[in-house]
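Enquirer: Sequence:
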Amino acid sequence: MRKPCCEKTEITKGAWSKQEDQKLIDYIQKHGEGCWNSLPKAAGLRRCGKSCRLRWINYLRPDLKRGSFGEDEEDLIIRLHALLGNRWSLIAGRLPGRTDNEVKNYWNSHIRKKLVKMGTTTTTSTALDPKKPHHRDNKVPLLMQPDARNPILFRPPAKTTDQKRAPNHDDEMDVSDSMSINGGNQLQTGVIMSNKSFCLPDLNLDLTLSLQLAVGERHQSDI
DNA sequence: AAAGAAAGCAACCGCATAGTT
DNA sequence: TAACTATGCGGTTGCTTTCTT
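Sequence positions in the first sequence follow numbering that gives the first Met the number 0 and run 0 to 222.
It should be emphasised that the hints constitute simulated quantities derived from the structure, not laboratory data.
Quick reminder that beta carbons are idealized off the backbone N, C-alpha and C, glycines included.
Incorrect hints may have been included.
Label-pair distances were calculated between CB atoms; the ranges are [what the hints assert, rightly or not]: (1) A41 <-> K116: 16 to 22 Å; (2) N100 <-> I24: 28 to 34 Å; (3) S67 <-> M117: 36 to 42 Å; (4) D71 <-> Q18: 35 to 41 Å; (5) N100 <-> A41: 21 to 27 Å; (6) S88 <-> I24: 18 to 24 Å; (7) D25 <-> M117: 44 to 50 Å; (8) K113 <-> D25: 39 to 45 Å; (9) S37 <-> E70: 39 to 45 Å; (10) A14 <-> G66: 17 to 23 Å; (11) R65 <-> A41: 17 to 23 Å; (12) R45 <-> K116: 26 to 32 Å; (13) K112 <-> D20: 30 to 36 Å; (14) D25 <-> N57: 14 to 20 Å.
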């Protein structure tokens, strides 16, 4: 049996009050992020550490953008989702001020429906079997797993404080820097052909990773 | 104006993984 | 090296708000 992450009896659940928010903000401003397990007690909160972390990351962090998504953001989400599947934290990492939860919700409530309407559904189009347990190896096709030895697919982490632990190497894939999709919704197929490109057969997707020097061109043609 | 349906979003849950002992 | 602990992630749930009839 799995041990509960916290003592249920003393834990408050549900929506956060303003007082709780303030306590959490005050504490983090004083002591910084981290040590989520001990934070609630230290901050005088009757919440589990996980809940505090989530509240901070998804709602209280000062650098959050909030508000509705722009067209460019939506476009980027669609492209990244085509490449990465439901890896919301990775996708959110490419959208400054957005959280994985926000991106996930936006996808589920807006974009997916939109794509279904257009007949361009990418739901479960990422070679991922939704019925399978969410094992990480199931999330991204093997061909897409970046190789830490490959500088094209692997970029050394530029960690934010809440990413210190960097649990997965495949989280470091640098995709947006020079990703391109041919002809809007007409995507092409293929497999990894070289260091510079890889494609998803089931996605009809052609994604090209070019070197950093191409970054300048990206802004005109891609974003 | 009221009731039901749909949509949106915040939060929880369980699992995987990295770090520590 | 195995066991344990802490953290991060994605899926899901359920409450609240908005829309439709």
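Enquirer: Does each hint fit the structure? Answer for all of them.
Expert: Okay, the hints, checked on the actual structure:
1. A41 <-> K116: 16 to 22 Å: This hint is violated: roughly 49 Å between Cβ atoms.
2. N100 <-> I24: 28 to 34 Å: violated (18 Å)
3. S67 <-> M117: 36 to 42 Å: With a Cβ separation near 20 Å, S67 and M117 fall outside 36 to 42 Å, so the hint is violated.
4. D71 <-> Q18: 35 to 41 Å: Distance hint for D71, Q18 holds at roughly 38 Å.
5. N100 <-> A41: 21 to 27 Å: holds (25 Å)
6. S88 <-> I24: 18 to 24 Å: holds (23 Å)
7. D25 <-> M117: 44 to 50 Å: holds (46 Å)
8. K113 <-> D25: 39 to 45 Å: holds (40 Å)
9. S37 <-> E70: 39 to 45 Å: Holds, at about 43 Å.
10. A14 <-> G66: 17 to 23 Å: Because 20 Å falls inside the window, the suggested range holds.
11. R65 <-> A41: 17 to 23 Å: With a Cβ separation near 28 Å, R65 and A41 fall outside 17 to 23 Å, so the hint is violated.
12. R45 <-> K116: 26 to 32 Å: Because 44 Å falls outside the window, the suggested range is violated.
13. K112 <-> D20: 30 to 36 Å: holds (32 Å)
14. D25 <-> N57: 14 to 20 Å: holds (18 Å)
This entry does not satisfy hints 1, 2, 3, 11, 12, going by the numbered hints stated previously.
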